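Student: Chains A and B are the protein sequences, given in the same order.
What the first sequence shows, in the numbering used here, is residues 1 to 260, in sequence order.
What the second sequence shows, in the numbering used here, is residues 1 to 233, in sequence order.
It is worth saying that the hints were derived from the structure and are not from the lab.
Any given hint could be a false lead.
Partial list, computed: chain A residues near chain B (C-beta under 8 Å) [unchecked claim]:
| # | residue |
| --- | --- |
| 1 | Ser165 |
| 2 | Met217 |
| 3 | Glu219 |
Small disclaimer: the values here were computed from a predicted structure and weren't measured.
Beta carbons are placed, not taken as given, at the ideal position from N, Cα and C, and that holds for glycine.
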Amino acid sequence: MDWLKEKDNFEFDIRNESFIEKTLNTLLSLLSKIRQFDNRDRGIYKLHEAFKLYFTLVNIILLSLSFNKHFIMLNSAYVILLIILLDDKVVLTILKVFLTSIFVSTLIIGPSLFFGNKNAVIVILKITLSVVLSMIMSITSNWHNVIAAFRLIRVPNVVLFIFDSAIRFIYLLSKRAYEILVSLKIRSVGYIKSPYSTLSQIMYNLFATTIDMSFKMDEALECRCFSGEYNYKIYKKVGVLEGLYSIINLLIILLFFMLR
Amino acid sequence: MIELKNITCRLNQNLALDNISLTIMPGESIAIIGPNGSGKTTLLKVLNGLINISSGEYIFDGQKIDSKFLEDSRQRKIFHKRIGFVFQNSDNQLFCKTVFDEIAFGLLQFNIEYKEVEKRVNDCLKLLEIEHIKNRVPYTLSGGEKKKVAIAATLALNPEVLVLDEPLNEIDPKSKRKLKELLFTLNQYGKTIICATHDYDYFDGLFKRAIEISSEHRIIYDGDFDKWHPHHI
């Protein structure tokens with residue numbers, strides 16, 4: 001044990017280990033997205049998720065059905081209005097999604113323009129608007145409440161419970177993966193000789209944890225007398241904001257039929 | 001009320017409990033003590049009917065608890081209503097989308113009026129001093145807060161026997177004192193308290209009986225808590 005009394009003087013190479021940093025950043029962003037469920041209580045974030053979910057779905061369906069330029073323009077204006085109501089950081093995320101969607105759909109549909117497809121531009125716009133609309137809904141909503149909103153269309157309890165648990169597992173496992181990676185980062189002085197085998201070990205650890213967690217959750221359900229009853233209430237009151245949101249969306253639906 | 005007769009338990013072929021026999025009467029407060037890996041958690045899980053025993057007999061209030069008994073979902077529900085379990089790792093115990101739902105979960109499995117459910121949930125929130133987090137997502141809470149929510153969720157079912165596995169983990173000193181007071185009050189109300197812990201100093205005055213399990217998975221002390229000496233472990 002004499003080595004414990006002396007100072008080490010090891011030599012080591014330092015290499016770029018951006019894979020740890022990148023994975024850590026991705027996990028952090030995922031964790032913060034889920035954590036944000038607790039801190040959103042103003043503006044569009046406060047809006048009842050059932051309203052957001054169903055009006056977004058209707059809007060996307062109407063967009064896919066319509067080939068009227070005026071209706072698509074009207075929807076574009078609506079999307080811009082929604083974007084104005086978002087936080088700066090979120091706007092930046094939406095902008096990235098918007099540009100990616102434009103780029104990918106132009107790459108796929110764009111060439112058909114040269115072969116006489118007059119609707120190519122409209123289709124690209126429709127795809128982009130649909131992607132941005134769903135993105136806005138996803139970013140501004142508590143995912144658990146979105147799942148609860150599906151209860152209104154009589155999705156079975158057990159399906160919703162599985163979705164709800166999936167979000168919880170994603171959060172807890174991401175947190176665990178983050179902690180393991182941080183520990184790997186601080187212990188791997190120098191460089192990791194085989195990063196991919198280390199990552200596969202981490203994945204194995206997470207897989208084993210998932211199995212263990214699911215068994216223990218089953219035990220916990222058992223202890224709490226689970227018989228299939230699961231509460232799917234959304235603890236938000238329907239107020240002026242929901243009223244305004246409904247009026248705007250009902251107007252859009254009305255205009256869809258008028259402009260046909 | 002609880003009787004374990006010559007219980008032996010193996011987990012993945014490894015011996016976890018070796019020939020354990022004990023009797024627990026209603027209203028007792030018992031500390032389960034032992035080194036890591038001695039089988040404390042396994043014993044608590046056996047008491048809650050969560051683990052199949054390899055040999056021996058478990059009798060709860062005159063009823064033999066075996067796989068046949070636990071196959072009947074109605075009987076199983078009644079049994080779990082009577083004996084509540086607070087897990088060592090709260091992450092495994094919390095699965096609802098808000099703290100309020102978490103505490104109400106067990107009650108909603110029974111035909112209880114929602115008003116009564118709300119009343120009990122609010123009382124539990126108050127008892128554990130977690131009213132301010134009632135609308136938060138449980139799995140994003142701190143370790144100590146999760147533990148309190150897990151205790152409140154178990155307490156809401158008003159079990160006759162409260163089994164706790166390392167309840168003081170991650171809890172701050174002030175909350176530890178509060179939890180001790182709470183357990184003391186519950187014991188005075190006639191609840192049986194069975195608690196696996198390493199922090200027995202914090203529970204000074206609460207436990208009347210100590211059961212020590214050795215690293216060989218056998219009971220090496222079962223008697224007065226005050227007469228039990230830490231040198232056993």
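Student: Each of the hints needs a verdict: does it hold here or not?
Tutor: Here's how the hints hold up against the structure:
1. Ser165: Because about 6 Å separates Ser165 of chain A from the closest Cβ in chain B, which is inside the 8 Å limit, the hint holds.
2. Met217: holds, 6 Å
3. Glu219: Holds. Min distance 5 Å.
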